[in-house]
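Peer 1: Just so you know, the protein sequences line up as chains L and R, in that order.
Straight run, no breaks: the first sequence in my numbering ends on number 331.
Straight run, no breaks: the second sequence in my numbering ends on number 331.
Rather than coming from a laboratory, the hints here were simulated on the basis of the structure.
There's no promise every hint is true.
Unchecked claim - With a cut-off of at most 25 Å between alpha-carbon atoms, the simulated BS3-like pairs for lysine-lysine come out as follows:
id : chain 1 : residue 1 : chain 2 : residue 2
1  : L       : Lys219    : R       : Lys207
2  : R       : Lys234    : L       : Lys207
3  : R       : Lys234    : R       : Lys274
Single-letter residue listing:
There are 2 protein chains.
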Amino acid sequence: MKATANAGSNIAFVKYWGVRKDRRHRLVPLNPSLSMTLDVARTTTTVEFLAGLRQDSCTINDRPAPPDALERVRRVLDRIRALAHRKDFARIASANHFPTSAGIASSASGFAALALAASRAAGLGEKQHNLVSVAVLGSGSACRSLYGGYVLWSPPDAGGRRPSRLRQVACEDHWQLVDLVVILTRERKAVSSEQGHLLATSSPLLKGRLASLNRLLAKVKRAILHRDLPTLGKCLEADALCMHAVMMTSRPPLLYWEPATLAVLKTVQKLRVKRGLPCYFTIDAGPNIHVITTPDRATGVGRALKKAEGVREILRCPTGRGAFFVEEPLF
Amino acid sequence: MKATANAGSNIAFVKYWGVRKDRRHRLVPLNPSLSMTLDVARTTTTVEFLAGLRQDSCTINDRPAPPDALERVRRVLDRIRALAHRKDFARIASANHFPTSAGIASSASGFAALALAASRAAGLGEKQHNLVSVAVLGSGSACRSLYGGYVLWSPPDAGGRRPSRLRQVACEDHWQLVDLVVILTRERKAVSSEQGHLLATSSPLLKGRLASLNRLLAKVKRAILHRDLPTLGKCLEADALCMHAVMMTSRPPLLYWEPATLAVLKTVQKLRVKRGLPCYFTIDAGPNIHVITTPDRATGVGRALKKAEGVREILRCPTGRGAFFVEEPLF
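Working from the sequences, and respecting the hints, build out all of it.
Peer 2: Below, the structure is given as structure tokens:
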């Protein structure tokens, strides 16, 4: 009745942006996404279902979870209870081993760990289909963190013929890269990703992006299999700019970038062109920048980035393994 | 054989980005554009055709024109000579009444003034069709500066059925606005507009923008006729972001923005939301920002913008008249 799991966050090389509602009124991404699972930026979560509890409770880093997070945790637990035909409420404790709300998707690591721990605590097996469908109720990108290395998530299609599918393109041992998370600010963003996803269809540019993704995904997969960083880097920068192009042309426009975002982005380009360093940027729905580089160059790239205007902190995350069980519970 | 003309620059509310080659291998914009002609940012140009000259010569602000500008001037003059059935070379002097290469299209005012002066100097009438076809050989947007106020330019269609068409939507007396040109840098941009236009078709987002423009143009025209600044402002910000979205997703990506560009852009949004000031941004192919506001608020808006990081100078340009002849020649 009690289980503990650990999962890493992930950084998408091909991002999903925009959602539709399926027949059950659940939000489904409009496009496949491909990410690298991260080490260091990881979360440990313990779940215990207990008879006699009057409601679900959840702490994050020893403090009660904020209402919106608790709401998402409950969505996940309700689904687990339905799958396991149980009614007990659960006690949950979660610990992020990295700064929360700092441009790293703690929701991805958190909900991947929750899905795995809660499934076992409820006596469910770890069937992929169940885990994916549970994790995405907390956060779409969380399901990609179930696997290590390089992970492709294809959401179900609109016709309902092709189900959700999670696939490991290559494991973490195939190719070790580093994600330098360049943290510019810890302020909460004005428009959350959840709200932003709903605006995507108002952009006149969305269709063009969606139509271009199959080719891009094929190229990214090939680059990963061949450990071809220049090609991968070009693709991930192009996709980050393409996603932000859609964001900034939605109505109302979403401009997640800050002046320092552009300063770091231009520093990355300069380090590459002028100093020949293998580093490439990507940007999620926020101002912070992720710089993808190789383990042997990460220290030098990090040192140079630290000097860019507006940089507060840099977190170094290698390619990480998937979600796994932990023997020691948090309570 | 000698004539002098004056023309203002213009700021596009709906911009053109991307060109195709027509059957005569001339570059034609992929979409219509609509701009406001500017006062203050104006150019005076004197043209004299003289028997006995061995080649065309041109000075800009009393210095010999740089080779690329001279090349474009010659294209214009060759067309004039062909239309007028003449062979004489010309002497040209041009004076910009504002800083050159500072985010203001001195090519627009310059080539509009050149087209008008050269046509008269060569003994041609001022037929619209001739003037437009001559001005665009120097710079596409120059033809819009032939008229004052608010001007729509529809380039010829790809099939060759609809010719180029220039139309004044409303004159400068219908509605006086102010363009505050916020100058961040005077460095020459790394990729010129000419090169950038050729890259537009490599963006997966171009088609989406082109498909959305007819509706946008209709809305902008209506807003001008009704003097509806909030609607016009929303449209011009949306179109600027949409054009830059196409630019940053071309291959290679064109990122004309600097960190200070975003800082000013966010200042404009804040002035509007927090202080209720009627001001809206637009950005051409460069880092500088144009802030459109009303004459009575221009001083306050300008003062607030001056404090934003990275702002070097602000030039205040009211809505201006079209190109006209000047009695006093420059030489």
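Peer 1: Against this structure, judge whether each hint is valid.
Peer 2: Here is how each hint holds up against the structure:
Only pairs whose Cα atoms come within 25 Å are accepted, and Lys219 of chain L paired with Lys207 of chain R is accepted, the gap being roughly 22 Å. In summary, the hint linking Lys234 of chain R to Lys207 of chain L is supported, as the alpha carbons are separated by about 22 Å, within the 25 Å threshold. For the proposed pair Lys234 of chain R and Lys274 of chain R, the alpha carbon gap of about 17 Å is at most 25 Å, so the pair holds.
Checked against the numbered hints above, the structure violates none of them.
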